[in-house]
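Undergrad: Build the full structure now, drawing on both the sequences and the hints.
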Amino acid sequence: MSEYLVQFNNISKFFGKVIALKDVTMKLKKGEIMCLLGDNGAGKSTLIKTLAGVHKPDEGEIIFEDKKIIFDSPRDALDIGIGTVYQDLALVSLMSVTRNFFMGREPQKGLPFFKTFDIEKANKIAAERMGQIGIDVRDPSQAVGTMSGGERQCLAISRAIYFGAKVLVLDEPTSALGVHQASMVLKYIVKAASQGLAVILITHNVHHAYPVGNSFTVLNRGRSMGTFKKDDISREKLLSMMAGGEELNKLEVELKEMDRIASN
Amino acid sequence: MSVKSQSIESKKETGKDERLKKISPLRVLLNRPELGALGGAILVFIFFGIVAGDTGMFSAYGTLNFLDVSANLGIIAIAAAMLMIGGEFDLSIGSMIGFAGICIAIPAIYWGWPLWTSIIFAFAMAVLIGYFNGIMVVKSGLPSFIVTLAMLFILRGATLAITRLITGRTQVPGLRVLIEDDPIAWIFATDTFQWLFTWLGSMKLIELRTDGTPLATGIPPSVIWFIALTLFATWILMKTRYGNWIFASGGDKVGATNVGVPVGRVKISLFIGTAVASTIFACIQVLDAGSADTMRGTLKELEAIAAAVVGGCLLTGGYGSAIGAALGAIIFGTVSMGIFYTDVDTDWFKVFLGAMMLIAVVFNNYIRKKVTETK
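Residue numbers (the numbering used here), protein chains in the order written: chain A, 1 to 264; chain B, 1001 to 1375.
None of these hints come from the bench; they were simulated from the model. Only true hints are included.
For lysine-lysine, the following DSBU-like pairs were computed, each having C-alpha atoms within a straight-line distance of at most 30 Å:
1. 17(A) - 49(A)
2. 44(A) - 1139(B)
3. 166(A) - 49(A)
4. 1239(B) - 109(A)
5. 30(A) - 166(A)
6. 1350(B) - 1369(B)
7. 29(A) - 56(A)
8. 229(A) - 56(A)
9. 67(A) - 29(A)
10. 166(A) - 68(A)
11. 56(A) - 30(A)
12. 67(A) - 49(A)
13. 30(A) - 229(A)
14. 29(A) - 68(A)
15. 1370(B) - 1239(B)
16. 29(A) - 44(A)
17. 56(A) - 1139(B)
18. 124(A) - 1370(B)
19. 124(A) - 1239(B)
20. 187(A) - 49(A)
21. 1370(B) - 121(A)
22. 17(A) - 1139(B)
23. 49(A) - 1139(B)
24. 67(A) - 56(A)
25. 27(A) - 230(A)
26. 68(A) - 27(A)
27. 115(A) - 1239(B)
28. 121(A) - 1369(B)
29. 191(A) - 49(A)
30. 44(A) - 191(A)
31. 1369(B) - 124(A)
32. 121(A) - 1239(B)
33. 121(A) - 109(A)
Covered stretches of chain B (in silico footprint by chain A; criterion: 3 or more residues with CB under 8 Å from a CB of chain A, positions within the stretch not fixed):
34. 1246–1253
35. 1256–1262
Quick reminder that beta carbons are idealized off the backbone N, C-alpha and C, glycines included.
TA: Right under this line is the structure:
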């Protein structure tokens, strides 16, 4: 058994002539949080969808617990233990917390052909799980639309963990959140990793990624610019490695130039 | 964390979350989609109770009359509501009714099929057409509004063309004699609880004809179907996994797919549902009238959608109830019959129908905002 829980080796994905991903390699151990950083258009979304089984990689292999895996559908990825939380969270705001929590995997009871959705059990589990992460759901039959952004994010993560995720792929979990809500979500992610999950945290926000990540993979124009341990790289270095870095430097120079002209 | 776990424990002790008190019972009721329709139905009955209370509208005969009309509409409204909750429309309901009618009548009258085989044939065609509607919408990604609008014209045209080609007319009469002794037709053509009405008649509790038999002879089959379908649809929506998938498919197609809900299959099955409900409607009406008419069911799709909307279904999907749609159908059925018992010209019925729908949409929109309000 290798030390890695999951390995993505030389993953490439092409859409016609467009090279969306080329030779991206990532390896994760249990309990590790890897942050995948990249600007818009770097190929983050394509990579996530490849990890989640939505796209099949054109080149490369996915190795999970030492076995080579080929996903035919998102369901396969879920079944094996790769839980993906998309940016849209896959939550229906008109539906209740419980109905969302168990969406697609409702517990059933009763005789064959007359099986019913075991709402009581589902309510209990949903309330319990949300309680564990410190969200006191007043009433699990309340609509998800009444919850805050951070709470929704935590609900989606908690759902993925409950349904057996060993690798958690999180797509921009903090991008739409304020400081307080974002730190609540990040805290929960660290807690999940400490319980033995491997987490891939996709973000373009270095300030959110740096405090929680163990390692960082930077993606630029479909290619990996390398994976770095936290000790080996500074926040500033990471920021400048993302496409934005150079541009921000340029912007700074330009702004100074404008200032100079204005003061003349 | 410790503070939180404490509050959870205190909840266990008291058996109640102290913050729950803030939600008033009214608010809980407001969260139910059928509230508006229930209020509307009560208002309608109060109105006719005052205006037409002494006219015979609420006699056994009068009541069964408006219940029959409501029930017929209700059968298709419930299927339309389930489809709307699943996020789609079916505008071909009315044309499907006409088409199912001739699928029963032509084989039975012109090809000599036993009535029961032609009824099964009509249902098989409904499943096929519903499946086609569904697969077109799911695979093409086109709005169901357009796909089923096309089907509205195709089916109505085909009904007319085929009927005229085979029979040379637009009506196919002569079914009445075939109903007797048929192993299946009775399901759509039998008045039930006749003994009860005979007994009530003998006790002089209900109106009698001059020959002494009661004016109302039994509960029409439409009402039994209506009640059964309402219960069945409610059970599916509220109590089964498939029901949760319907809400999820309509609420957020992409999200539902991502968590493993077979959205395509759910939608296709709902399209089959509306086509089958249209065929049930057609069976009841065709066997009751004893003839099929190529124009039967015209505009029924819009009435069904109107009833579903009044019943609290959101046009955007993901929210609504079967009981709401049933109440919506009762409102329309009651008003369309009740208006005969008042001095109001029946021409005004459509005005009422439109106004009612407009009020319902505004009300539902408000409710949805309340339900999804961020705290």
